[in-house]
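Enquirer: Letter by letter, the chains look like this.
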Amino acid sequence: MTKLRKYNRILTSIIVLTGIFLSVSCTTQKYYNTKIEGKQIGVTNVYPDVKSIEDYVAPYRNHINQELDHVLAYCPETLDKSKGTWQTTIGNLLADATIEMGNPIFQSREKKNIDICLLNHGGIRAPLPKGDVTTRTAFEIMPFENSLIIVALKGAQIREMAEYILKERKPHPLSGLKIVADKNTLSIKSLTVNGKPLQEDQVYYVATSDYLSNGGDSMNFFKKGIQSYDMDYKLRNLLIDYFKKVDTIPVITTERIILE
Amino acid sequence: MKRREFLKGTLASSALVTVGGLSLSSFTTAPDIKKITILHTNDVHSHIDPFPATDPKNPNMGGVARRASLIQEIRKENPNVLLLDAGDIFQGTPYFNYYGGELEFKLMSMLQYDLATMGNHDFDNGIDGFYAQLPHAKFDFVSANYDFKNTVLNDIVKPYKIFEKDGIKIGVFGLGVELQGLVDKKLYKETIYNDPVETATEMTRILKHEKKCDLVICLSHIGFKYNNEPERICDILLARRTKDIDLIIGGHTHTFLSKPVIEKNLEGKEVLINQVGCYGINLGRIDFYFDANKTKSHSGRSIVV
Chain A
1 MTKLRKYNRI
11 LTSIIVLTGI
21 FLSVSCTTQK
31 YYNTKIEGKQ
41 IGVTNVYPDV
51 KSIEDYVAPY
61 RNHINQELDH
71 VLAYCPETLD
81 KSKGTWQTTI
91 GNLLADATIE
101 MGNPIFQSRE
111 KKNIDICLLN
121 HGGIRAPLPK
131 GDVTTRTAFE
141 IMPFENSLII
151 VALKGAQIRE
161 MAEYILKERK
171 PHPLSGLKIV
181 ADKNTLSIKS
191 LTVNGKPLQE
201 DQVYYVATSD
211 YLSNGGDSMN
221 FFKKGIQSYD
231 MDYKLRNLLI
241 DYFKKVDTIP
251 VITTERIILE
Chain B
1 MKRREFLKGT
11 LASSALVTVG
21 GLSLSSFTTA
31 PDIKKITILH
41 TNDVHSHIDP
51 FPATDPKNPN
61 MGGVARRASL
71 IQEIRKENPN
81 VLLLDAGDIF
91 QGTPYFNYYG
101 GELEFKLMSM
111 LQYDLATMGN
121 HDFDNGIDGF
131 YAQLPHAKFD
141 FVSANYDFKN
151 TVLNDIVKPY
161 KIFEKDGIKI
171 GVFGLGVELQ
181 GLVDKKLYKE
191 TIYNDPVETA
201 TEMTRILKHE
211 KKCDLVICLS
221 HIGFKYNNEP
231 ERICDILLAR
241 RTKDIDLIIG
251 GHTHTFLSKP
261 VIEKNLEGKE
271 VLINQVGCYG
281 INLGRIDFYF
291 DANKTKSHSG
301 RSIVV
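Going down the list, the protein sequences come from chains A and B.
Numbering of the first sequence is given in my numbering, commencing with residue 1 and proceeding in unit increments.
Numbering of the second sequence is given in my numbering, commencing with residue 1 and proceeding in unit increments.
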């Protein structure tokens, strides 16, 4: 006990001395920046893991891996966004699933039905491979935090949407709208929404992502929307819920854009 | 309220550690030369694990546990370290989707980060989502050009912070990128974006002239340079249009520089700009040497990159 007190006294005097030294050095000496050295160090495996950090991360990693590797459904063949000029099996699946999963929510909240779904080809970030479908698959296909938005568009804007798709020549995921176009000029021959001819003045409800509804990928027709409804439903969660709902992933080949 | 008390506690204890380190280095090394080491990351985007060996772009690179040992090694060599992050801590791996940034903040605290600024992706779970994770961060955030007065971050994210290491006063202020068009308004809410150059001019006046800082660092998430938009504000233009900034640590554009870039400021003085890519692949290191010898210092400073 006395030893400790002695030690404390010494410690205190060191601190006081340091303080005096500090104040002296501060008042008498001014320091000038004379040299700067800058570089970048690659974080490679020559630096060993700090065990306490690694141990801290491990349970989080294990939990995520368990969840991500959980099998939700089975896919009978690989659905790839690069296979198809005007539509792809993965695009058809995403657009159809968005309406299937989104419509019950839209109906219960707004008492309305989704007529069309348009997403973007660029937003599909990975194929849906043949075999077991897991939560990880959904994360790979849709890494972004995009959420479901329903935009109310007049028929005239649906026509602009069709023109955009034909001009872009990309197989954007599309559902509900059927475009028939001339195979040489790509001019529109007919537009039908769920089997009925498009009415220019009618209001159609179009499901899309918040990114596109704000004019992303130059989809400017979405900015002419009369109203938009935020479903507060992330598209990735929608896809996970869809995988949980179906046992086997359907391979959907129905044509949405027909050239003749 | 509790958080603020806790912060005060860590500040006091870190100040004590500094005093200890100071007296030690003053006696053991040449007493009239001081060295401050700035370590920095940017756009780590929730990359906690290293890239796998099979990764086509960055095989075996990155990883928090390795970054930790690299930083430990440097701290052993020089205890006068400031560890900074230039934003976009969040979003990029399922760690964020599952835990909302909790693990990112906890690990950065374990690595003893001193300060960070906010990137646009740090709003990805909304300003409230960011606020909810703050109890896990034992370091502060600064942003001088985001006005948070009508948000939950009012008085929590401050414009600047001043550190004292080995008797050298270091002022660090933060700058963020324009949020409109980049982040959904429902996420950033009433956050107001102010002009980076005007803000930096005010910050340098305060830090250099009022607070008499020896070093002024800008922790920026405005982007290094936009080749397609030459007039858009970026770190290069910020360096040219301001004065009294010694170092700009950048982020946002995921720019991999082979070495730090030197620009001339309004007064023709040199400003160092560094950004280290993304995903924790690299750690930036800038060493500032201070000399008490006046005759030597009059000949200016040398920059070795």
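Keep in mind that the hints were calculated from the coordinates and are not lab data.
One or more of the hints may lead you astray.
Said to hold, decoys possible - In silico contact screen, one side only, chain B against chain A (beta carbon under 7 Å); selected entries:
#1 K35
#2 Y98
#3 Y131
#4 Y193
#5 R232
#6 I233
#7 R301
What the hints assert, rightly or not - Beyond 10 Å from chain A on every Cβ pair, some chain B residues (computed):
#8 M110
#9 D184
#10 N265
#11 I303
Quick reminder that beta carbons are idealized off the backbone N, C-alpha and C, glycines included.
Enquirer: Measuring Cβ to Cβ, find out whether D184 (chain B) lies farther than 10 Å from everything in chain A.
Expert: violated, 6 Å
Enquirer: Is the Cβ of N265 (chain B) farther than 10 Å from every Cβ of chain A?
Expert: Check passes; 14 Å lies beyond 10 Å.
Enquirer: Given R301 (chain B) as an interface hint, is its Cβ closer than 7 Å to any Cβ of chain A?
Expert: holds, 5 Å
Enquirer: Restraint: I233 (chain B) near chain A, CB-CB cut 7 Å. Satisfied or not?
Expert: Hint on I233 (chain B): violated, closest Cβ of chain A at ~22 Å, above 7 Å.
Enquirer: Tell me if Y131 (chain B) is really an interface residue toward chain A, meaning its C-beta lies closer than 7 Å to one of theirs.
Expert: violated, 18 Å
Enquirer: Hint Y98 (chain B) vs chain A: min CB-CB distance below 7 Å?
Expert: OK, holds: Y98 (chain B) within 7 Å of chain A, min 5 Å.
Enquirer: Grab the minimum C-beta distance from R232 (chain B) to chain A and call the hint holds if it beats 7 Å, violated otherwise.
Expert: violated, 19 Å
Enquirer: How about K35 (chain B): closest beta carbon in chain A under 7 Å, or not?
Expert: violated, 9 Å
Enquirer: Does the claim that I303 (chain B) lies outside the interface with chain A hold up, using a Cβ gap greater than 10 Å?
Expert: Non-interface label on I303 (chain B) violated, nearest chain A Cβ at 5 Å vs cutoff 10 Å.
Enquirer: Report holds or violated for the interface hint on Y193 (chain B), using the least CB-CB distance to chain A and a cut-off of 7 Å.
Expert: Given a least distance of 17 Å, the restraint on Y193 (chain B) is violated.
Enquirer: A cut-off of 10 Å on Cβ-Cβ distance, and M110 (chain B) was said to be off the interface with chain A. Does that hold?
Expert: violated, 6 Å
Going through the hint list in order, the structure does not satisfy hints 1, 3, 4, 5, 6, 8, 9 and 11.
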